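Residue numbers (my numbering), protein chains in the order written: chain A, 1 to 181; chain B, 1001 to 1181; chain C, 2001 to 2181.
Bear in mind the hints are in silico, worked out from the structure with no lab data behind them. All values derive from a computational prediction rather than experimental measurement. Quick reminder that beta carbons are idealized off the backbone N, C-alpha and C, glycines included. There could be a bad hint or two in this list.
Quick list of the computed label-pair ranges, beta carbon to beta carbon [unchecked claim]:
1. B/Asp1046 - A/Ser17: 41 to 49 Å
2. B/Asn1141 - A/Arg50: 23 to 31 Å
3. A/Ala110 - C/Gly2059: 26 to 34 Å
4. A/Ala103 - B/Glu1109: 39 to 47 Å
5. A/Arg18 - B/Trp1040: 32 to 40 Å
6. B/Ala1110 - C/Ala2114: 49 to 57 Å
7. A/Trp40 - B/Trp1040: 34 to 42 Å
8. A/Ala121 - B/Val1063: 57 to 65 Å
Some chain A residues judged to face chain C by a derived CB distance under 10 Å, without partners named [stated by the list, open to error]:
9. Ile48
10. Val133
11. Gln156
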Amino acid sequence: MSFPHTLVLGGARSGKSRHAEALARGTGLERVYLATATAWDGEMRDRIARHRDERAADGWRTVEEPLALAAAMEREAAPGRVLLVDCLTLWLTNVMLGAPPDAARSAVEAACAALAAAVPALAGPAVLVSNEVGWGIVPDNRLARDFRDAQGRLNQHMAESCGRVVLVAAGLPLTLKGTPA
Amino acid sequence: MSFPHTLVLGGARSGKSRHAEALARGTGLERVYLATATAWDGEMRDRIARHRDERAADGWRTVEEPLALAAAMEREAAPGRVLLVDCLTLWLTNVMLGAPPDAARSAVEAACAALAAAVPALAGPAVLVSNEVGWGIVPDNRLARDFRDAQGRLNQHMAESCGRVVLVAAGLPLTLKGTPA
Amino acid sequence: MSFPHTLVLGGARSGKSRHAEALARGTGLERVYLATATAWDGEMRDRIARHRDERAADGWRTVEEPLALAAAMEREAAPGRVLLVDCLTLWLTNVMLGAPPDAARSAVEAACAALAAAVPALAGPAVLVSNEVGWGIVPDNRLARDFRDAQGRLNQHMAESCGRVVLVAAGLPLTLKGTPA
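With the rest of the complex left out, here is chain A:
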């Protein structure tokens, strides 16, 4: 396939989602937005609904899947259609919060490995958004340290599975792997 699976990395408010949307739009293919956000309260539910409506007006079909992401990607991927997964960081949060306390690390690693393994076999291209979270001081609390370790490992796995990896800062892309879009 000419458009490679693309991992878009960046910090908070780096413009990574906007860049990923532009990449997906640029394919000219049918667009499916795979949202991993979970509504914790009414305000969040309203915000998610509003974003979904805005995307619909812009030509996106939205699929919400906070946890079973690999299965959703396999189900939705198709030739002539591009998937935008936004984002792996919220998905990883959901996976970690739902993992069994006595086997959290192995459950999380298995889920991440399964997700990375699913990508190359998809029937159509995917653009996946993920956060860089490991460029600061070591966090005080254990959960935050575990999360940044898991996120870093996930980003490495996904980078291996994708044909293109882009790092975004201040809205500007820097291609780390593959050819610039």
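Based on the hints, put chains B and C in the right spot on chain A.
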């Protein structure tokens, strides 16, 4: 103009200010240093004064403006003169601390939009220094989260307004937009 | 020497150590692993020993030196041998924890300057791993702020002393200085 407005991004102690100073010096133009730091106490006041004297010995004229930065840039910009603004992160801190509590976000966004809009119309070139602050774990406290969101959005706006954007790590520049200096 | 001293920078779980190991392995030279980790408890001691055994099976000789790193590098460096120092961030932690409380900053700066000065004079090539820690929000506590300042300054010094500097994200290298490996 041959020297484009340049945004210099980087983490703490990345060498971004030193790189920005070298860029400004390299223009061969008259140099004005627009300092946004605010003295909270006597020690800070002494430190600011010492830095100003060191820069004067090195050929800089220093202008201090913690808040009305767009106006100061418009007033000081001139053909044959380069402005160095150090830094947008301290300016944003001042703007956020001074914003009305009931309309903080809209006031901050208006100030950032006005600053970004002012740059392309300046009568001479500017080099602007700003921090990358969103590459770590989500901060615990609300103010820190709001700040990193605002800083990320400001950096995106400024990157659109500048002809060149440079990311600095370990003192080494990586050009994200425009031609390397 | 054809293989330049190489500084490998990156965030937590960025794949920087794995990349550094691959660079050292690629030289085809005899390999010495200079470990700076300190065992705080029995679990850490076991982990360090396990890693040392794994590396031995892979052709590395391990030398442990938490503090006197410049001397260890000078002693171990030799033509036909490459040193891998993993990592400068743990070393800096050890230096800061061991510094005299009333002169911490000057002691740390002297140690960092001495380390950077030692590199160009080594009898054989070195690959040095260090963390980027300054891309987040300003930390709440003083020690963390001091650490990230010291780490940033150290990375700048080391980048000046090395012929090649590589920034790693998601396991992918970005060459900031020198020619890509």
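Hints and how they fare:
1. Our hint of 41 to 49 Å for B/Asp1046 and A/Ser17 holds, since their Cβ atoms are close to 44 Å apart.
2. In this structure, B/Asn1141 and A/Arg50 meet the distance hint of 23 to 31 Å, their C-beta atoms being roughly 26 Å apart.
3. Distance hint for A/Ala110 and C/Gly2059: a CB-CB separation of about 31 Å, consistent with the stated range 26 to 34 Å.
4. A hinted range of 39 to 47 Å holds for the C-beta pair A/Ala103 and B/Glu1109, which are about 45 Å apart.
5. Hint check: A/Arg18 to B/Trp1040, Cβ distance near 36 Å, so the stated range 32 to 40 Å holds.
6. Checked against the given bound of 49 to 57 Å, the beta carbons of B/Ala1110 and C/Ala2114, roughly 50 Å apart, stay inside it.
7. The beta-carbon spacing between A/Trp40 and B/Trp1040, approximately 37 Å, falls within the hinted interval of 34 to 42 Å.
8. Take A/Ala121 and B/Val1063: their Cβ atoms lie about 60 Å apart, and the range 57 to 65 Å holds.
9. Proximity of A/Ile48 to chain C is violated relative to the hint, the smallest CB-CB distance being about 26 Å (cut-off 10 Å).
10. With a least beta-carbon distance of about 8 Å to chain C, the hint placing A/Val133 at the interface is held under the 10 Å criterion.
11. A distance limit of 10 Å between C-beta atoms decides the matter here; for A/Gln156 the minimum to chain C is near 4 Å, and the interface restraint holds.
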